[in-house]
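Protein chains: 2
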Amino acid sequence: MDKKQNILIIGAGLCGSLLALRMGQRGYNVSVYEMRQDLRKVDISAGRSINLAFSDRGNKAMKLVGLEDKVKALCIPMNGRMIHDDHGKTFQSNYSGRDHEYINSISRGELNALLLNEAEKHDNVNIYFNKKCKSVDFEKTTALFTDYNNEDDFIEDADIIIATDGAGSAMRKSYYLGKKFLFSFSQAYLTHGYKELSILPKENGDYKIYKNALHIWPRGSFMLIALPNLDGSFTVTLFLSYDEGKYNFNNLINQDMVLEFFREEFPDTLAVMPNLVDDFFKNPTAPLGTIKCSPWHYKGNTLLMGDAAHAIVPFYGQGMNASFEDVVEFDKVLDKNLADWESTFKAFEKARKKDTDSIADLAIDNFHEMKDHVANPIFQEKRKLEMALEKTFPDDYSSKYSLVTFNEDIGYREAMLRGRAQDKAILNLLTDGVITLDDDLKTTLKKVTQETEAILEDDRIAGLK
Amino acid sequence: MDKKQNILIIGAGLCGSLLALRMGQRGYNVSVYEMRQDLRKVDISAGRSINLAFSDRGNKAMKLVGLEDKVKALCIPMNGRMIHDDHGKTFQSNYSGRDHEYINSISRGELNALLLNEAEKHDNVNIYFNKKCKSVDFEKTTALFTDYNNEDDFIEDADIIIATDGAGSAMRKSYYLGKKFLFSFSQAYLTHGYKELSILPKENGDYKIYKNALHIWPRGSFMLIALPNLDGSFTVTLFLSYDEGKYNFNNLINQDMVLEFFREEFPDTLAVMPNLVDDFFKNPTAPLGTIKCSPWHYKGNTLLMGDAAHAIVPFYGQGMNASFEDVVEFDKVLDKNLADWESTFKAFEKARKKDTDSIADLAIDNFHEMKDHVANPIFQEKRKLEMALEKTFPDDYSSKYSLVTFNEDIGYREAMLRGRAQDKAILNLLTDGVITLDDDLKTTLKKVTQETEAILEDDRIAGLK
Chain U
1 MDKKQNILII GAGLCGSLLA LRMGQRGYNV SVYEMRQDLR KVDISAGRSI NLAFSDRGNK
61 AMKLVGLEDK VKALCIPMNG RMIHDDHGKT FQSNYSGRDH EYINSISRGE LNALLLNEAE
121 KHDNVNIYFN KKCKSVDFEK TTALFTDYNN EDDFIEDADI IIATDGAGSA MRKSYYLGKK
181 FLFSFSQAYL THGYKELSIL PKENGDYKIY KNALHIWPRG SFMLIALPNL DGSFTVTLFL
241 SYDEGKYNFN NLINQDMVLE FFREEFPDTL AVMPNLVDDF FKNPTAPLGT IKCSPWHYKG
301 NTLLMGDAAH AIVPFYGQGM NASFEDVVEF DKVLDKNLAD WESTFKAFEK ARKKDTDSIA
361 DLAIDNFHEM KDHVANPIFQ EKRKLEMALE KTFPDDYSSK YSLVTFNEDI GYREAMLRGR
421 AQDKAILNLL TDGVITLDDD LKTTLKKVTQ ETEAILEDDR IAGLK
Chain S
1 MDKKQNILII GAGLCGSLLA LRMGQRGYNV SVYEMRQDLR KVDISAGRSI NLAFSDRGNK
61 AMKLVGLEDK VKALCIPMNG RMIHDDHGKT FQSNYSGRDH EYINSISRGE LNALLLNEAE
121 KHDNVNIYFN KKCKSVDFEK TTALFTDYNN EDDFIEDADI IIATDGAGSA MRKSYYLGKK
181 FLFSFSQAYL THGYKELSIL PKENGDYKIY KNALHIWPRG SFMLIALPNL DGSFTVTLFL
241 SYDEGKYNFN NLINQDMVLE FFREEFPDTL AVMPNLVDDF FKNPTAPLGT IKCSPWHYKG
301 NTLLMGDAAH AIVPFYGQGM NASFEDVVEF DKVLDKNLAD WESTFKAFEK ARKKDTDSIA
361 DLAIDNFHEM KDHVANPIFQ EKRKLEMALE KTFPDDYSSK YSLVTFNEDI GYREAMLRGR
421 AQDKAILNLL TDGVITLDDD LKTTLKKVTQ ETEAILEDDR IAGLK
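Going line by line, the protein sequences match chains U and S.
In case it helps, the UniProt record's numbering puts the first sequence at residues 1 to 465.
In case it helps, the UniProt record's numbering puts the second sequence at residues 1 to 465.
Read the hints as simulated data drawn from the structure, not as lab findings.
Hints should not be assumed to be uniformly reliable.
Which copy? The list can't say, so a pair holds if one copy fits it or any two copies do.
Pairs of lysine to aspartate or glutamate, EDC-like flavour, derived with a Cα cap of 16 Å [said to hold, decoys possible]: (1) K179 x E139; (2) K346 x E244; (3) K132 x E151; (4) K72 x E264; (5) K299 x D243.
Sequences are here, hints too, so could you generate the full structure?
If you want it as structure tokens, here you go:
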């Protein structure tokens, strides 16, 4: 394919700006149109989460574009979960038994700005802000935009259009409403919404709670979490049902109710969140949805990527990592030099969709794990055992969490199948007393491995996935 | 709730006409608006399948409204699958080891006409044809219609609106486009479409192939099926990929290709289908989709029911039965005399949705079973064993198929969970040589039951469904 081809990218968020950078590096003529203002010039948090979990799959993409070191400077390592019980007592549960495996808190804005700066260093990459995509004519390979500067509409033509315009993708909407081909599509909302709050720094700029952890206050049917920022603050997120339970977003309508709720459920937060009530009523409550669809592409004309193709709930900390991995996988397909864009897009979806479907399902699993299971004795026993296995046999054992988060060369689907089978094996072996925490670890590893293989084999025989 | 309340039903198909009849029997004022002409006066197959599988869940609904005997007269019993191999050899695989358990082929049109006639016997039920619903204002509880007789639009008001307007439901579209509440929605298409063909009767009116079976020509990645009609004909359906494999709907574009395909794959059909080519090019190719959504209701104003709430693929023969069962379950909730319509609708969805989600998934399972597994030795061994177990222990064993089809007092979800576990148990016990077809059946039943319980227990411990 001719490198001089014109590629139109819709959306200059994390995925779009990384894709623009990579396609620029590969020599294509890249034009990016973004509906928001340039976040390097204006502060626009716009209801999106302020910080994110960054881990090995995302880092693999940074290596691909040569930005590993620059991104590292933006990262705050989080070695594990710091769990706060309802008496305010805390204990830490590490993400891995291997010391070099941890996740990071990173600022969405800082990372996006870095990617935009790097993309714009290429003369063949141009980024336009304040241009809102209204629809895409995927048969003609043109996109209709509104210029927010003057409210004028204009049409852009390109050789291919890649939409990285997020969960509310205008191009995906054109696929759906166009009814020109069979478009499988799902949007699934949790019964819970979320609201961002904050723990501000001490007066001297220090962190008010332990810096290097992802804090969780698990309460069974709801939870609070906190991730550190470089400025000494934490971004806190409350995940809560809209209308079920004693306290919910629909009935927390005044200061007294909110304070009563936090006093009862998260007593240790009150001292570090004097701004709680202000945050609560200033910040929006947003829904938690999963989006899946297929096909991602229309012939060789247009392609969905990132959240536009597969938006997921945030509970595995993999949303950004998955979108970055899209770019890595797309880059691999480009390396194959297939005959045309249609073959390229088809090969990309075929290789990739099974994995993004899997991380979507894993993220829902982890919603239940974080709000509930982490406080459950049998799950805690499992985690202890897995930490010991990973520490003692670093080359021979990886938990589901490690497979998903720290094994960027294993696809999400394989990580899910193996990880779920392992979880099932350990939980059953513990419950049946076949293994205990006091047993010889080598024997335990052997039993876990055998039982995991047996579970996978039984599923294969039954024709299950 | 006041019995004099006005209930507006959108759609007078199988579900809508049964619902109108039942609500009429209960004394409500019922108005039904149907987009098509009155099928009792005009022949309108309109691309929908001509005959359908009718079984125990559907029959439970007929008992509820007192129509069991009248419907029985329309039924042709099908005791099993008649499987045609690629040399034209046939063998029958019964649906159950119990002689009184079989499914029926029934004409959609005849059954619908019966339900309309019975509904109209009630003075408090009025049915209007040629009235197409364009949208529903679910906040005002009004529906906008176009009268096809004069192209005029008009608005109808009601105390509640129940939409039974099928997979393409106008009210569901209003829910989706309205964005007034979080509406989870999915439409998922198979890679295969379907086309209806026919085997006409002999000149003397006799059936050309065996009458009392559902005929299947399974070919791994595609299949042909045939169901008998009362007039001596069979309605034949080809399920085939749109674009994959040597032969597919996209490349079967002329007479020679079609004949070559049938000669190669379904040689025994050519003699009984002289009208094959005519049918093939006259009849449309239609997609196979699954639709799920939630919530089904908006407050106490509006409710989706039948295919409008949960359209499924046809492979379990449960589409109509599931929609009829909706009416039975809704009737049960009405018997509870809850405080208001909102509580009624909420209770109905809570009780019902898990089951319609399950039959949707089971129907996809059966797509693979019918086109592929029925021709697979280990699955055939399993079926033989299950027939023997059902015959020998009629009170103690039911296969997944029997649980779904002949056990109308067990919900689809329970049938799915137990049925899948049983399938997994038997396939693994057979593969591992723990049981064989020659063993003492009582011992085999014990082993299957124990292994099934163990599988269910392992899943429970692992927190799986």
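Results for each hint:
1. For a Cα distance limit of 16 Å, the shortest separation of K179 from E139 inside one copy, 12 Å, qualifies, whereas the shortest one across copies, 28 Å, does not.
2. When the C-alpha separation of K346 and E244 is checked against a cutoff of 16 Å, the pair qualifies only between copies, where the shortest distance is 14 Å, while the shortest distance within a copy is 43 Å.
3. In the homo-oligomer, the alpha carbons of K132 and E151 lie at most 16 Å apart inside one protomer (10 Å), although the nearest pairing across protomers, at 38 Å, exceeds that limit.
4. For the identical chains of this complex, K72 and E264 are neighbours neither inside a copy (39 Å) nor across copies (62 Å), given an alpha-carbon limit of 16 Å.
5. Proximity of K299 to D243 under the C-alpha cut-off of 16 Å is restricted to the inter-copy arrangement: shortest distance 13 Å between copies versus 43 Å within a copy.
Violated hint: 4 only; the structure is consistent with all others.
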